[in-house]
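Chains as they are written, first to last, in our numbering: chain A, 20 to 607; chain B, 20 to 607.
Source of the hints: derived by calculation from the structure; they are not laboratory data. Treat the hints loosely; a few may be bogus.
As the list claims (entries may be wrong) - Quick list of in silico lysine-lysine cross-link-like pairs, DSS-like style, CA-CA up to 25 Å: (1) B:Lys291 - B:Lys195; (2) A:Lys291 - A:Lys195; (3) A:Lys195 - B:Lys339; (4) A:Lys273 - B:Lys273; (5) A:Lys529 - B:Lys339; (6) B:Lys472 - A:Lys273; (7) A:Lys506 - A:Lys472; (8) A:Lys339 - B:Lys339; (9) A:Lys300 - A:Lys195; (10) B:Lys339 - B:Lys291; (11) B:Lys472 - B:Lys506; (12) B:Lys195 - B:Lys339; (13) A:Lys339 - B:Lys195; (14) A:Lys472 - A:Lys529; (15) A:Lys339 - B:Lys472.
As the list claims (entries may be wrong) - Derived coverage of chain B by chain A (criterion: at least 3 residues anywhere in the stretch with Cβ under 8 Å from a Cβ of chain A; other residues may be distant): (16) 84-95; (17) 255-262; (18) 353-361; (19) 426-440; (20) 470-478.
What you are looking at is a predicted structure, and each value in this text was computed from that prediction instead of being measured. Note that beta-carbon positions come from the ideal geometry of N, C-alpha and C, so glycine has one too.
2 protein chains.
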Amino acid sequence: MAYDAPVSELVFALEAHAGISKLEGLADFAAYDPDLVVPILEEAAKLARDVLAPLNPVGDRHGAVLTDDGVVAPPGFADAYTAFREGGWMGLSVPEEWGGQGLPKVLALAVMEMFHGANMAFGLCPMLSFGAIEALLAHGTPEQQAAYLPKLVSGEWTGTMNLTEPQAGSDVGALKTRAVPLDDGSYAISGQKIYITWGDHEMAENIIHLVLARLPDAPAGSRGISLFLVPKFIPQADGTPGARNGVRCIGLEKKMGIHGSPTCVMEYTDAKGWLIGEVNKGLACMFTMMNSARLNVGLEGVAVGEAAYQTAFAYAQERKQGRVESVTGPAPILHHADVRRTLTTMRARVAAARAICYACAVAADLSHAAPDAETRAAARVREDLLTPIAKAWSTDMGVDVASLGVQVHGGMGFMNETLAAQLYRDARIAPIYEGTNGIQAIDLVGRKLAGTKGASMRAMITEIEETVREARATNDPQLVQIADRLKAAAAALTEASDWMVRTLPDEPEKALAGATEYLALSGDVIGGHFLARGAIAARALDPAQRARQLALAGYFAETALAAAPGRVPAITEGGARFIEGSEALFGV
Amino acid sequence: MAYDAPVSELVFALEAHAGISKLEGLADFAAYDPDLVVPILEEAAKLARDVLAPLNPVGDRHGAVLTDDGVVAPPGFADAYTAFREGGWMGLSVPEEWGGQGLPKVLALAVMEMFHGANMAFGLCPMLSFGAIEALLAHGTPEQQAAYLPKLVSGEWTGTMNLTEPQAGSDVGALKTRAVPLDDGSYAISGQKIYITWGDHEMAENIIHLVLARLPDAPAGSRGISLFLVPKFIPQADGTPGARNGVRCIGLEKKMGIHGSPTCVMEYTDAKGWLIGEVNKGLACMFTMMNSARLNVGLEGVAVGEAAYQTAFAYAQERKQGRVESVTGPAPILHHADVRRTLTTMRARVAAARAICYACAVAADLSHAAPDAETRAAARVREDLLTPIAKAWSTDMGVDVASLGVQVHGGMGFMNETLAAQLYRDARIAPIYEGTNGIQAIDLVGRKLAGTKGASMRAMITEIEETVREARATNDPQLVQIADRLKAAAAALTEASDWMVRTLPDEPEKALAGATEYLALSGDVIGGHFLARGAIAARALDPAQRARQLALAGYFAETALAAAPGRVPAITEGGARFIEGSEALFGV
Chain A
20 MAYDAPVSEL VFALEAHAGI SKLEGLADFA AYDPDLVVPI LEEAAKLARD
70 VLAPLNPVGD RHGAVLTDDG VVAPPGFADA YTAFREGGWM GLSVPEEWGG
120 QGLPKVLALA VMEMFHGANM AFGLCPMLSF GAIEALLAHG TPEQQAAYLP
170 KLVSGEWTGT MNLTEPQAGS DVGALKTRAV PLDDGSYAIS GQKIYITWGD
220 HEMAENIIHL VLARLPDAPA GSRGISLFLV PKFIPQADGT PGARNGVRCI
270 GLEKKMGIHG SPTCVMEYTD AKGWLIGEVN KGLACMFTMM NSARLNVGLE
320 GVAVGEAAYQ TAFAYAQERK QGRVESVTGP APILHHADVR RTLTTMRARV
370 AAARAICYAC AVAADLSHAA PDAETRAAAR VREDLLTPIA KAWSTDMGVD
420 VASLGVQVHG GMGFMNETLA AQLYRDARIA PIYEGTNGIQ AIDLVGRKLA
470 GTKGASMRAM ITEIEETVRE ARATNDPQLV QIADRLKAAA AALTEASDWM
520 VRTLPDEPEK ALAGATEYLA LSGDVIGGHF LARGAIAARA LDPAQRARQL
570 ALAGYFAETA LAAAPGRVPA ITEGGARFIE GSEALFGV
Chain B
20 MAYDAPVSEL VFALEAHAGI SKLEGLADFA AYDPDLVVPI LEEAAKLARD
70 VLAPLNPVGD RHGAVLTDDG VVAPPGFADA YTAFREGGWM GLSVPEEWGG
120 QGLPKVLALA VMEMFHGANM AFGLCPMLSF GAIEALLAHG TPEQQAAYLP
170 KLVSGEWTGT MNLTEPQAGS DVGALKTRAV PLDDGSYAIS GQKIYITWGD
220 HEMAENIIHL VLARLPDAPA GSRGISLFLV PKFIPQADGT PGARNGVRCI
270 GLEKKMGIHG SPTCVMEYTD AKGWLIGEVN KGLACMFTMM NSARLNVGLE
320 GVAVGEAAYQ TAFAYAQERK QGRVESVTGP APILHHADVR RTLTTMRARV
370 AAARAICYAC AVAADLSHAA PDAETRAAAR VREDLLTPIA KAWSTDMGVD
420 VASLGVQVHG GMGFMNETLA AQLYRDARIA PIYEGTNGIQ AIDLVGRKLA
470 GTKGASMRAM ITEIEETVRE ARATNDPQLV QIADRLKAAA AALTEASDWM
520 VRTLPDEPEK ALAGATEYLA LSGDVIGGHF LARGAIAARA LDPAQRARQL
570 ALAGYFAETA LAAAPGRVPA ITEGGARFIE GSEALFGV
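Just need the whole structure built from these sequences, with the hints factored in.
Here is the structure:
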């Protein structure tokens, strides 16, 4: 079966996990009416189900093609993009002055989750446009904003991010693309960029490349990088696309997944570009896009995980093997306990990741839109903390859950053209791009945790302790058991956090050796916390929803949360083992 | 880089983990000389490295092709098979009376690990021949053995296993292929079988299919299944292949991985076949092949994991990104702690899985060859216990480790034709075939654990406690810490085992809901135990080996073993959560 967005679960996550109600009545979101949430999501769900999902296997089989006239998207993608554009989806969370709808970012992300779930290869195109919009909103001059934002927000034009070069991946500072100042205030950009998602295509009339490059006299490393806007067609005085610029796609990568999304090698030959933000501050500008993109990539993990769950659940209902007491004749494999365990694992982990991502998005909204500076600052700390967890934990989950989805399908899951197999291949990119998950872990322990002397995580743990109290106060035995697991898990996270803050300054290698395990533990505990909060909130809902949320939170508590205390040694002791044995193991 | 077998690590695993010395001096292994182990493995390593590994990407890109004359293997495979055959590798562990070398099975498995590591798609062909040989050795009539064994053992002919039909996968009892008795004592076999690995090819002059089918008057279900031998060409009186039989490949599956291995849809139309073993006892006969095949598939997980580790390690030495104190200029990513953590995880888990598989193989050897009945019986219990763990734990590990290998490669790992990506795709089949890992978990808790009232696992835990004592007796602080972790982990395994034995009779669904988690815990604890034993044994070796084994055992202890106690609730409590919420979650 193809993807069908679980709108009610998204709404539940927005309300019970992420606390979207905090955004009501804020001046920046004057257009936000809680009653519109369901209609908006249902409209997006239609596009996802009816237009994007049927094209997912098409994109996988056909891929994009590089022709003499540039890249051509897979069959049907251009029409789908037109439908997307005409639906006004690109501008959902963009201020109304630029043609957007002025809604909270968290809603735009919930919509993007559906588009990614239906067709991740397609979803990447608007995702990158959104990054370009955010960079221009934050760093563009009024003239740049006027020239580019309306077209990007309407979806008439799309955007890209150009960071990576063959020698400069995680180490962006090693990039070599040159930008030579011209007399008219613009720059001539020359160099080669790789791994450029939707770097070229025929679905929009223009493509706006945001490109990191180096001025001739720039300092070495990451402090000598500037950000440039390089349009495929240079806008004319009337705003319409004019002369072809010196940028083109010279190759497409042959990838394991997301075949529908062209991954381009881009060549810049004296391409005309304009500086965005300040000279040599390009990395900071790019981080505006990156933070948003990282959260969005986290949602790709959620989306692929959800799609994998749906297809596995559908298969488990159809496929009959073996017998069980409650069924006459061969039983659907759904009736076998082990299959339901697998499906529960998938569903609980997807829900936990969704909660983390949405909570991060609400924090991002509040960090801009809250009326008082204190709330904004606290929200910013929370957004910063949750961003690397949202990105890495959710995308690792996406890979694991897609793999479980293959397993539920048995031999059928290994057939290359089943959706389960496609999702397993598609999911694998998300832990890699927009900063590998290892980079996310280093960001979490270095900048987000130690950079606040642990205060960011302490604030989260204070919130978790409040959930523990609330769960206990219900006197529901199952919620009390969840509270016990959550409390012990939070204590483990506190212990690991304190160790990390203490160890990083003096023994950075030892601390960083535990960073990935620390991020994994953080995601488990915070995810379990949100699910527990959901189970409490669901007490006010119908019995089925109540039972569902309790089962998911309870299962997660007995698996991930119960395991949390035992995982602290991996963080605090594991690193020392291979650092001491490094010479014998690796010769370094 | 291509696969290069780590012979010294295999030898270490054979000696220190698996206890191959127990096989010295046994009458069945009169040909076994410990001094021959290294030369044999080195000779096999050459074939793996020089012949099979270079063909691995060829097989992936070209795949096998179905022509009017049958299936044609990928370019180079037929020559490689000839080299394999001429090397005498097929008969390594077959009794000398059938043309084999009479060596322990564990050695044949170590050799197969190398062939799988170099080229898993290729390795499947001899693996299936081996299964056919074992079935004939155990259940064939003297005439059948004389007619088929010499040709199979020499590798002139290959073998297949034909179980699955579209409606009969894990539920083998649902199969419909018919066997009608003929006057000459043979049978006419008709039906369709799917997922038949190396079901047809041109590399050998004949192919011997072992086929499960049903007599006209057979009882329903698995008690009405008989096993038949169906040659592609019917042997003539002089033993050479004669008339073409009524069996052919009518389709090849398009798979996500192991493209070099043809996965055939086989059609039987009144094909001439001969009964193997007794009527309606086919499943028991097939289990002779299955047990061996399951251990062999576990080794595929080890092999793919080892290959993934090697290619990731090589990439981490070459790829330069970022800077570290100890290196001038951009540093190979191997110097980053997080990359070394990933590599250590890969290496430790591969070593643990290899130890489990080899230990299982030594137990299999002892179960036949030990002089006294008591030792044979104990070895049999041990083999039975370890087989599902070897299969499932190792193949899940293979998938995880292949995924980590992709991650170390960054964007390059997502390119479809890198070895890292191929291994990620290839690895995914192993948890599925030869009994899904869910089936293995049910076999472990039902037949192997509860079937012995827990005695099988208690024997293993007694052994683990002995290792704890030995580790403590060294007074090496690191080994003492490993001992502490191991002791707590063994206690957790005991608790989970007792719960399982207690719960299975009265609440089977609840028990089976925890089966997969129980298997995972078992593998972690038993794997950690073998690594600890290795670290103790390595004290007698050179400092580098000593440091290496201590680092691997120590890292595994601080990660998998330390986490073990916290994973018991997933087994004992997790199931109840989704069973109670099943109606709300899944509608059943």
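Going through the hints against the structure:
Pair hint Lys291 of chain B plus Lys195 of chain B holds up; C-alpha atoms about 17 Å apart against a cutoff of 25 Å. Straight-line distance between C-alpha atoms of Lys291 of chain A and Lys195 of chain A comes to about 17 Å, which keeps the hinted pair within the 25 Å bound. For the suggested pair Lys195 of chain A and Lys339 of chain B, the alpha carbons sit about 15 Å apart, so the restraint of at most 25 Å is met. Distance restraint check for Lys273 of chain A and Lys273 of chain B: the Cα-Cα separation of roughly 18 Å lies within the 25 Å cut-off, and the hinted pair is therefore satisfied.
In summary, the hint linking Lys529 of chain A to Lys339 of chain B is supported, as the alpha carbons are separated by about 21 Å, within the 25 Å threshold. Of the supplied pair hints, the one linking Lys472 of chain B and Lys273 of chain A is violated, its CA atoms being roughly 53 Å apart against a limit of 25 Å. A threshold of 25 Å between alpha carbons decides the hint, and for Lys506 of chain A with Lys472 of chain A the separation of about 22 Å falls inside it, so the pair holds. In summary, the hint linking Lys339 of chain A to Lys339 of chain B is not supported, as the alpha carbons are separated by about 51 Å, beyond the 25 Å threshold.
Restraint check for Lys300 of chain A and Lys195 of chain A: satisfied, since their Cα atoms lie roughly 16 Å apart, inside the 25 Å limit. A threshold of 25 Å between alpha carbons decides the hint, and for Lys339 of chain B with Lys291 of chain B the separation of about 61 Å lies outside it, so the pair is violated. This hinted pair checks out: Lys472 of chain B and Lys506 of chain B have alpha carbons roughly 22 Å apart, not beyond 25 Å. Simply put, Lys195 of chain B and Lys339 of chain B have alpha-carbon atoms about 58 Å apart, too far for the 25 Å limit, and the pair is violated.
Simply put, Lys339 of chain A and Lys195 of chain B have alpha-carbon atoms about 15 Å apart, close enough for the 25 Å limit, and the pair holds. Simply put, Lys472 of chain A and Lys529 of chain A have alpha-carbon atoms about 18 Å apart, close enough for the 25 Å limit, and the pair holds. For a cut-off of 25 Å, the pair hint linking Lys339 of chain A to Lys472 of chain B is broken: about 31 Å separates their Cα positions. Chain A is given as covering the region 84-95 of chain B, and this is violated because 0 residues of the stretch bring a CB closer than 8 Å to a CB of that chain, at least three being needed.
Coverage of the region 255-262 of chain B by chain A is violated in this model, with 0 residues showing a Cβ closer than 8 Å to a Cβ of that chain against a need of three. Only residues whose C-beta sits within less than 8 Å of a C-beta in chain A count toward coverage, and the region 353-361 of chain B has 9 of them, enough to reach three; the restraint holds. For the region 426-440 of chain B, the proposed coverage by chain A is satisfied: 9 residues have a C-beta within less than 8 Å of a C-beta in that chain, meeting the threshold of three. Proximity of the region 470-478 of chain B to chain A, defined as three or more residues with a beta carbon under 8 Å from a beta carbon of that chain, is not established by the 0 residues found.
Hints 6, 8, 10, 12, 15, 16, 17, 20 from the earlier list are contradicted by this structure; the remaining hints agree with it.
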